[in-house]
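**Student:** These protein sequence lines are chains A and B, in that order. Sequential numbering of the first sequence, starting at 951, is according to the numbering used here. Sequential numbering of the second sequence, starting at 47, is according to the numbering used here.
Don't take every hint at face value.
Facing chain A, a subset of chain B residues (Cβ under 8 Å, in silico) [unchecked claim]: (1) P177; (2) M181; (3) M192; (4) A196; (5) T203; (6) S359.
Calculated Cβ distances over 12 Å to all of chain B for the following chain A residues [claimed, not checked]: (7) P952; (8) S953; (9) L961; (10) N1008; (11) V1022; (12) G1061; (13) V1093; (14) W1095; (15) T1122; (16) E1132; (17) I1133; (18) V1154; (19) L1166.
Because the hints were derived from the structure by calculation, they are not lab data. Idealized CB from N, CA, C, for every residue including glycine.
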Amino acid sequence: MPSWQNFQPFLVIGLALGGVYALSGVGMVVLYRATGVLNLSFGAVGAMGALIAWQAINSWGLPQGIAWLICVAFAAVLTTLYGLVFGAALAKRDPVVKAVATLGLALILLGVMDLLWTTSGGASRSLTLPTDSSGFQISSLTVDWTQVISLGLGVALTFFTAIFLRVTRLGTAMRAMANDREITAMLGVPVTRVLAAAWFGCGVLAGVAGLLLADLVALDATTLTFLVISSLAAALIGQLRSIAVTFIAAIVIGVVDSMITPINSITNYRDMTPFVLAVIALLVLSGRSTVSLERGGI
Amino acid sequence: MATTEVQAPEAPGDGALQRQALRLRQLDTRARVRAVVVVVLLAFCLFPMPSILSLYYVGAMTQVTVYAIVALGLGVLVGRVGLVSLGQAAVLAMGAWVAARVLFATSLPYPLVLLIAGLVTMVLGTLVGLPALRMRGLYLALITLMLAGAISVVLATTNFPNGGGGFLGYNGNAVHTPPIRRPGIANSDPAFLRYSIVVAILMFLFVVWHLRTRPGRAWAAIRQSEASAVAAGINIVRYKLWAFALASFVTGVAGGLLAGADRYLYSIDFQTQDSITLLAVVLMGGIYSIWGAVIAALLLQLLPQLLNSWGVSPYWLTVLFGVGVLQVLTTAPAGIVDQMPRDLARLGRLLARPFRQAHPTGPAGGAQ
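Using the sequences plus the hints, can you model the full thing?
**Tutor:** So, in structure tokens, the structure goes:
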């Protein structure tokens, strides 16, 4: 068993990853509550945004700040467009249909990314934020600012989303939509505008998460696309409902996944963390009823 | 198909009966024609095709055969019972693992190994189905996605058996590992293709037999409405588990074929993405017809090889599959197998229009 000293750097990495997972998880929960769509293309959209930012910096010679803005704007616009076109077209369908449709978008983006940014010949890219190079020391431990920002954004976003949903008009409308869309529409809430706002917010978060994960993990289309599963696991533990539980679960997943790394006997299995936690959560939390009243299938 | 009833005012009695009989006879002929076409196609696939094709396409067609079985299992789950699984590629990997392990450990005849692979996978798949029973659509899809992810992590560590010892049968130091054994009668690639086609036909018949009898009717009822299925006295727990068991069994057998087809299995070839792509092509092929499974397998395994030989990047296919999923879900729920004949018929009518104007009293076309 490695000593506590060995675990410390992994704790920092885990907290940073957990922060980004929380960011994504909360985004997914809010979108699911407001629109009924579980957005599985979250990771792919962020990945493509990050790759575009990489392209902007390395081939177009744009300054970093503008490249990041392009990334976030791309993610937001694409997600909103999808929401307005396909979200609307599938509005009355079963949640599983809506989720599988977002997988369609994810596949399209994966294909486009593989076509435009080939990895043949071992080409690898990296996106480094300037906050990587500076940091501070806690006793013997180095913490860089990207890690601080990741955790900080996760915390701040969870906090502000909770307040936003409770206090603002738009937030109240979103919560109302989560309860019953028809009645909300009847009460005079501009449903389409609220939906668009929810999709837009989700897209912004996808872009930010894409940038941070590209820096913290790797700038690789497939990796980033499927990292969404960790956030999804957190969202599932929060029953696609509770922002607070999603946040805690995301941090736990990030930390556990990372902290297992130095333990040699199980280090290879560390990536199972989100799956195992999510499966346990699904089994424990899923309802007891064996009969569903909805029509199944596609 | 041609259900347009032409109301004839003068003869409601005898004439109607005669027309009924005529229509039945037409349906009968149509079924017979279809049966003949199917038999001829199968005969072609079994006898001349493996000998004509280059080894490259023999390999591709073997993969098509294997994945047609996998797509069939997934199609039953999604289309007939309404259970969306995002983890079928992991189930296939389990089948392949079991088959490879048994093939290295024993000298049992190949059909028996396929059966063992199918049965072990069936037990594992049903275990997955057990907790999933109380979950509704979305949660079931997600738990299968999570389990598939977990399985792929485990496989990445344990690797596939390559003739080593121990329970896992993996030897990490081996430089020259023996290939996975094939059946004695099907050692060459064309022979193994024929062997796979025979197994696939058996699996298709097995599934069709299920669909035509009691379980098929029970699944149709469950898909329409679980509540009314219960009210009709259907044990939905039993039939849902049955569906999982059937899909896992055929997928496990397909895994056994895959082990023999590839001869060397690597965990890197089984990714979470494959399960998603698999669902995409199954939806595109058509989930309400067993032929949709064949189309799905052609899309998944033959098209990339064709594109490859034409020098087109196979990544275009990922884009195509994504577009296909969106199209199926929004406008064409029955997939290509339903869409293609209809589009062709429409095209045919369009082409026939100039000729038909000479006979304004001609037949009013097909359905609708």
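**Student:** Now tell me, hint by hint, if it's right for this structure.
**Tutor:** Hints and how they fare:
Satisfaction of the interface hint for P177 (chain B) is found here, the shortest Cβ-Cβ separation to chain A being roughly 5 Å, below the 8 Å cut-off. Hint status for M181 (chain B): holds, given a least beta-carbon distance of 5 Å to chain A, under 8 Å. The closest approach between the C-beta of M192 (chain B) and any C-beta of chain A is roughly 4 Å, which is under the 8 Å cut-off, so the hint is satisfied. Interface restraint check for A196 (chain B): the shortest CB-CB distance to chain A comes to about 4 Å, inside 8 Å, so the restraint holds.
A hinted interface residue such as T203 (chain B) counts as satisfied when its beta carbon comes closer than 8 Å to some beta carbon of chain A; here the least separation is about 4 Å, so the hint holds. The restraint placing S359 (chain B) at the interface with chain A holds, with a minimum CB-CB distance near 6 Å, inside the 8 Å limit. Here P952 (chain A) stays apart from chain B, with its beta-carbon at least about 19 Å from theirs, past the 12 Å limit. Distance check on S953 (chain A): its Cβ is at least 25 Å (rounded) from any Cβ of chain B, clearing the 12 Å threshold; non-interface status holds.
Every CB of chain B is more than 12 Å from the CB of L961 (chain A) (nearest about 22 Å), matching its label as outside the interface. With a least CB separation of 21 Å from chain B, N1008 (chain A) remains clear of the 12 Å interface cut-off, as annotated. The beta carbon of V1022 (chain A) sits about 23 Å from the closest Cβ of chain B, which is more than 12 Å, so the claim that it is off the interface holds. Separation of G1061 (chain A) from chain B is inadequate, the least Cβ-Cβ distance of about 3 Å not exceeding the 12 Å criterion.
With a cut of 12 Å on Cβ distances, V1093 (chain A) stays outside the contact zone with chain B, its closest approach being about 29 Å. Distance to chain B confirms W1095 (chain A) as a non-interface residue, since its nearest Cβ pair spans about 31 Å, more than 12 Å. At the 12 Å boundary, the C-beta of T1122 (chain A) stays outside the reach of chain B, the nearest C-beta of that chain being 26 Å off. Listed as a non-interface residue, E1132 (chain A) keeps its Cβ farther than 12 Å from every Cβ of chain B; the least gap is roughly 20 Å.
Against the 12 Å criterion, I1133 (chain A) stays outside the reach of chain B, whose nearest CB is about 22 Å from its own CB. The Cβ of V1154 (chain A) lies farther than 12 Å from every Cβ of chain B, with a closest approach of about 23 Å, so its non-interface assignment holds. For L1166 (chain A), the condition that its CB be more than 12 Å from all CB atoms of chain B holds, with the nearest at approximately 20 Å.
Of the numbered hints given earlier, the model fails hint 12 alone.
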